[in-house]
Amino acid sequence: MKKLWHFLIKPSSRYSVLAIAVVCILITLAGVFTFHQSIEFTSTNEFCTSCHSMKENYNEYKTSIHFKNAYGVRAQCRDCHIPENNPIAFMKAKMGGIGDIYSEFIGKDIDTPKKFEENRLRMAQNVWKMMKDTNSAPCKSCHSYSAMDHAKQSPAAAAAMTGAAAKDMNCIECHKGIAHQLPHINNDFQATFKQLSINAAKAPEATTLYSLTSKQLFVKDAASDDAQGQLYPASEVKVVGQSGDMLKVEITGWEIKGSTAGMLVQDMAKQIQTASIDPELQKTQKVLNTQTATDGKVWQQVQVAAWMTQRDMLASIKPIWGYGKEILDSSCNQCHATPDPKHLTANAWVDGLKAMQQYYTLDKNEERVLLKYLQAHAKDAPAEAVAEQATE
Numbered sequence: 001m002k003k004l005w006h007f008l009i010k011p012s013s014r015y016s017v018l019a020i021a022v023v024c025i026l027i028t029l030a031g032v033f034t035f036h037q038s039i040e041f042t043s044t045n046e047f048c049t050s051c052h053s054m055k056e057n058y059n060e061y062k063t064s065i066h067f068k069n070a071y072g073v074r075a076q077c078r079d080c081h082i083p084e085n086n087p088i089a090f091m092k093a094k095m096g097g098i099g100d101i102y103s104e105f106i107g108k109d110i111d112t113p114k115k116f117e118e119n120r121l122r123m124a125q126n127v128w129k130m131m132k133d134t135n136s137a138p139c140k141s142c143h144s145y146s147a148m149d150h151a152k153q154s155p156a157a158a159a160a161m162t163g164a165a166a167k168d169m170n171c172i173e174c175h176k177g178i179a180h181q182l183p184h185i186n187n188d189f190q191a192t193f194k195q196l197s198i199n200a201a202k203a204p205e206a207t208t209l210y211s212l213t214s215k216q217l218f219v220k221d222a223a224s225d226d227a228q229g230q231l232y233p234a235s236e237v238k239v240v241g242q243s244g245d246m247l248k249v250e251i252t253g254w255e256i257k258g259s260t261a262g263m264l265v266q267d268m269a270k271q272i273q274t275a276s277i278d279p280e281l282q283k284t285q286k287v288l289n290t291q292t293a294t295d296g297k298v299w300q301q302v303q304v305a306a307w308m309t310q311r312d313m314l315a316s317i318k319p320i321w322g323y324g325k326e327i328l329d330s331s332c333n334q335c336h337a338t339p340d341p342k343h344l345t346a347n348a349w350v351d352g353l354k355a356m357q358q359y360y361t362l363d364k365n366e367e368r369v370l371l372k373y374l375q376a377h378a379k380d381a382p383a384e385a386v387a388e389q390a391t392e
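With UniProt numbering as the guide, the letters of the sequence shown map in order to residues 1 to 392.
Since the hints were derived computationally from the structure, they do not count as laboratory data.
Note that the structure is predicted; figures quoted are calculated from it, not measured.
Backbone N, C-alpha and C fix where the C-beta goes; we use that ideal spot for every residue, glycine too.
One or more of the hints may lead you astray.
[As the list claims (entries may be wrong)] Quick list of in silico lysine-lysine cross-link-like pairs, DSBU-like style, CA-CA up to 35 angstroms:
(1) 354 / 68
(2) 62 / 114
(3) 176 / 194
[Claimed, not checked] Distance ranges between label pairs, derived from CB positions:
(4) 155 / 105: 41 to 51 angstroms
(5) 205 / 182: 39 to 49 angstroms
(6) 91 / 18: 30 to 40 angstroms
(7) 182 / 227: 31 to 41 angstroms
(8) 91 / 50: 17 to 27 angstroms
Based on the provided sequences and hints, a complete structural model is requested.
Structure follows, in structure tokens:
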């Protein structure tokens with residue numbers, strides 16, 4: 001013990017304890033400074049995009065609102081990818097960066113555009129996991145729920161953000177693909193549509209049928225390039241006659257009294273499109289019912305007779321709703337958790353889906369089926385529709 005104590009108070013006959021302490025402090029400060037500078041340097045946009053595999057990511061970022069916006073505020077790479085206020089998450093993020101460097105120069109699995117796309121989903125999932133683990137700390141370093149003025153947001157955004165703030169939600173649950181292109185995710189619903197289309201090559205023998213796709217409507221029992229109307233997907237018709245490959249059907253819907261637009265909707269005062277008909281088909285319509293909506297507009301329920309081909313008609317709506325749900329799960333899950341159709345009313349879903357158009361790639365028929373599915377199971381859907389959804 002005496003030797004140890006002697007060493008601690010006088011470790012060297014040549015240098016004093018004070019001198020050695022000063023040297024140790026200087027070495028420590030130099031180490032801390034070097035470490036800090038290296039962290040700062042490796043967190044700059046210039047360093048992050050110096051690997052050629054990241055240059056395309058950088059180009060994607062430059063087209064986003066995080067790079068250029070009305071407020072002149074620019075988020076850097078580190079602002080989104082490094083949780084600054086969480087030391088453990090911070091070091092994990094930096095280690096993840098070392099993993100990217102390894103993949104670029106040693107593993108060679110992201111060093112070409114093709115390889116990068118093949119691994120984009122894996123890398124995106126790593127970032128999403130970091131966001132989930134930190135409750136989107138990088139996002140919330142700039143976007144604070146408490147600082148949001150919902151009165152200055154759009155009605156849809158205000159409704160969504162009010163609920164999110166109450167739960168202190170993880171931002172990544174609703175916001176993916178903000179700064180970079182989303183990874184490709186297989187659209188299995190397309191295989192479902194292909195099989196349904198095969199099954200519907202010929203209309204089943206039933207008096208009530210439902211459309212899988214948009215269908216042309218004709219005044220006469222012959223298909224041509226000059227259609228007199230269009231039946232929209234997931235719409236119900238009554239079969240009243242047949243001539244070869246053509247079916248004569250009756251379509252029931254609602255329209256505003258006196259309207260010349262020729263648009264029939266499924267329910268009064270709801271934008272659930274059933275069919276569009278031109279003046280020739282309008283001549284065949286019969287008025288079944290007249291009612292006044294709460295806003296004072298007078299609506300009339302009408303029935304139109306038309307001809308159409310047999311293809312893409314099903315005897316049950318349930319397979320179409322199953323197909324619509326697959327589109328919803330596949331398309332919406334790329335950016336956020338799948339929304340509950342009961343989150344909005346049927347009319348609100350029109351604007352809600354329109355606001356999301358830039359984030360998904362669906363053709364017109366897929367988009368119409370998705371909208372019809374959301375509207376049919378919306379907040380103001382009839383009780384029987386909700387019960388039907390529970391049995392799917």
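Hints versus structure:
1. 354 / 68: Holds - the C-alpha atoms of residue 68 and residue 354 are around 23 angstroms apart, at most 35 angstroms.
2. 62 / 114: 21 angstroms, holds
3. 176 / 194: 29 angstroms, holds
4. 155 / 105: 41 to 51 angstroms: Holds - the Cβ-Cβ distance for residue 155 and residue 105, about 50 angstroms, lies within 41 to 51 angstroms.
5. 205 / 182: 39 to 49 angstroms: Given range 39 to 49 angstroms: holds, Cβ gap about 44 angstroms.
6. 91 / 18: 30 to 40 angstroms: 34 angstroms, holds
7. 182 / 227: 31 to 41 angstroms: At roughly 36 angstroms between Cβ atoms, residue 227 and residue 182 fall inside 31 to 41 angstroms, so the hint holds.
8. 91 / 50: 17 to 27 angstroms: 21 angstroms, holds
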